[in-house]
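Protein chains in written order, with the working numbering: chain A, 1 to 234; chain B, 1001 to 1356.
The set of hints was computed from the structure by calculation and includes no laboratory data. For each residue, glycine too, the CB sits at the ideal point set by N, CA and C. Some hints here could point you the wrong way.
To be verified - Far from chain B by the CB rule (all over 10 Å, computed), these chain A residues:
#: 1; residue: TYR34
#: 2; residue: THR47
#: 3; residue: GLN50
#: 4; residue: SER65
#: 5; residue: ASN69
#: 6; residue: ARG165
#: 7; residue: ASN169
#: 8; residue: ASP192
#: 9; residue: GLY198
#: 10; residue: ASN208
#: 11; residue: ALA216
#: 12; residue: MET228
Claimed, not checked - Heads up, incomplete: computed chain B residues facing chain A, CB under 8 Å, no partners named:
#: 13; residue: GLN1050
#: 14; residue: PRO1052
#: 15; residue: GLY1125
#: 16; residue: ILE1126
#: 17; residue: ASN1127
#: 18; residue: HIS1128
#: 19; residue: ASP1130
#: 20; residue: LEU1134
#: 21; residue: THR1138
#: 22; residue: LEU1147
#: 23; residue: ASN1174
#: 24; residue: THR1175
#: 25; residue: GLN1176
#: 26; residue: THR1179
#: 27; residue: LEU1314
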Amino acid sequence: MPKALLLLILIATLTLQAQQPVAKRSMVIAFQLYAGDQPLQPGTCYTTPQGDSVYIERFRFYVSSPRFNNSTTRQANGYYLVDMADSSSRYITLPINTAAPSQFRFLLGVDSLRNVSGVQTGALDPLNGMFWTWNSGYIMAKLEGISPQSPAAGQRFTYHIGGFRSTQNTAQQISLNIPANHRGDTLWVRADALRWFGPGFPLRIQENPVCHSPGALAVHIAGNYRHMFLVVQP
Amino acid sequence: MKHRITISVLILIILSCTGWIWADHAYLKPKPVTFTVPQGWPQPVYDFSQNPLTQEGITLGRELFYDPRLSKDGSLSCGSCHQQFSAFATYDHNLSHGFNNSLTTRNAPALQNLAWQKEFMWDGGINHLDLQPLAPITAEHEMAESLQHVLQKLKTDSRYRRLFKAAFGDENINTQRFTKAISQFVLTLVSSNSKYDRVMRGQDTFILPEKLGYQIFQQKCVSCHPAPFFTDFSYRNIGMPLDPVLQDLGRMKITGNPADSLKFKVPSLRNVMRTFPYGHDGRFFSTINLFDHYRKSIQQGPTTDSLLRKGLPLSNFEIGQLTAFLYTLTDTVFTKDPRFAPSGSGPSASPPKDVH
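Only chain A is shown next, with the shape it has when bound in the complex (with noise of 0.2 Å):
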């Protein structure tokens, strides 16, 4: 009798361990939303570098296939949406290999290949207002806010950066060095929201309120927006 248990708790503890998964080492990116050297807060007021005056309401972005240098496979699903809203979005948990990675990088925006597959789930989920439905494809990033420069209504400038078509591409390949002396699990990355505005392109929000749709001026605000990572020491 006590053998035929043994045997069941013995199937019972084999088809459980069949489950536990492999413990692996691994780095977590920490994105930390700035406007110039300020922590980004809603509804304080920021300076471009053009000089206009902007309350920055909504900030996102979408970052794909993040990997470092060194690493040997590409993040499965690797899709994540970067929110100002949502504190827990900016924490990205990524494999690393034994030796230390001297780069990080991924794709600032998504795929062409993901624009014209149809519904995605996840991040991808058009659910998450980061997708065009009169001209499919995705929205990049996204920055939204208040500015006594703007001529829109409610002073409102609205910057919503897209389009995957060759001439009109806007997702940005960003390759960011990870200095020598970097210690620990986490490597902090900051994004500033002020680069949006330049230097490069200068962005005026008197001349250019608002960006809706794929063009030359979407082009230009990501030709901007691609430097605004930094790798930072806590």
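Given the coordinates of chain A, work out where chain B should sit on it, guided by the hints.
This is chain B only, laid out in the frame that chain A set:
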């Protein structure tokens, strides 16, 4: 001894349970449906491997297509603007009357043979059929909220939870399943049984005006409206002057390329006698108005189609014969097919009620 029996029974129970879990529950799985390609037609462009048709999926899609709760105020379903009698166009309305949304700036096209279509809308702005339902549902500015709202409404309805489970294996309701189900239904809307098709299959013959009309069509129209779809799915400008109110630049809105200004997708002419009014903004009340446009008022601009550089002359006689031919493209098997009507009601064989 007593224990041994208990244990044997226990083991038997466990074995049969695992057996049940591992078994192939064919009777619980959605029943696959094969998509039939009409004889002589090309292969569809829709990737069915990503969304295999099943009876349960199609049923769910039909429910959704006819459910007015998909609209913000609960008054409109897809079927209100896409009416079966009219080959799923809006019958007798230049612009569909909806809530005050951007869609109403265009005439609702027929929904048929969508599996062969790569881009949707008059300007081709939507690049995948699964994405199409999102446009009418979220046409108003803040999209995320209303889509969220629709899914919420579905999730709280136990009937939908059952239908989603039957179609997809569990009760989870998300954007992807929702849109795939609608695609499954609209993909079944294949129109291939008009008199024209029967004639081509050798099962019927044209009467003389139809035959003459067909010959004229082959000369003057077929370069843009080729069989079997009666469209080449390209974007062209047939010289319709810009409407000063709508300011609709068509394809250029999508590509940003001035060379695409005033170009619109060549519409299919299947069931065309049921889909009036005509043109992307429904400005032609009848085919007669449209023929008059082709022969008299093509506006020559930088993007007007090169085939129309010298206009498109049509005599009254030719118009008569062409009209007879266009009538042969009406497919009443399609417009009366009970599988495409709202469940529980008969097919909509008569003109729909006015939906002003």
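A quick look at each hint next to the structure:
no.	hint	result
1	TYR34	holds (25 Å)
2	THR47	holds (29 Å)
3	GLN50	holds (25 Å)
4	SER65	holds (20 Å)
5	ASN69	holds (33 Å)
6	ARG165	violated (8 Å)
7	ASN169	holds (12 Å)
8	ASP192	holds (26 Å)
9	GLY198	holds (23 Å)
10	ASN208	holds (16 Å)
11	ALA216	violated (8 Å)
12	MET228	holds (24 Å)
13	GLN1050	holds (7 Å)
14	PRO1052	violated (14 Å)
15	GLY1125	holds (4 Å)
16	ILE1126	holds (5 Å)
17	ASN1127	holds (4 Å)
18	HIS1128	holds (4 Å)
19	ASP1130	holds (4 Å)
20	LEU1134	holds (4 Å)
21	THR1138	holds (5 Å)
22	LEU1147	holds (5 Å)
23	ASN1174	holds (6 Å)
24	THR1175	holds (5 Å)
25	GLN1176	holds (5 Å)
26	THR1179	holds (5 Å)
27	LEU1314	violated (35 Å)
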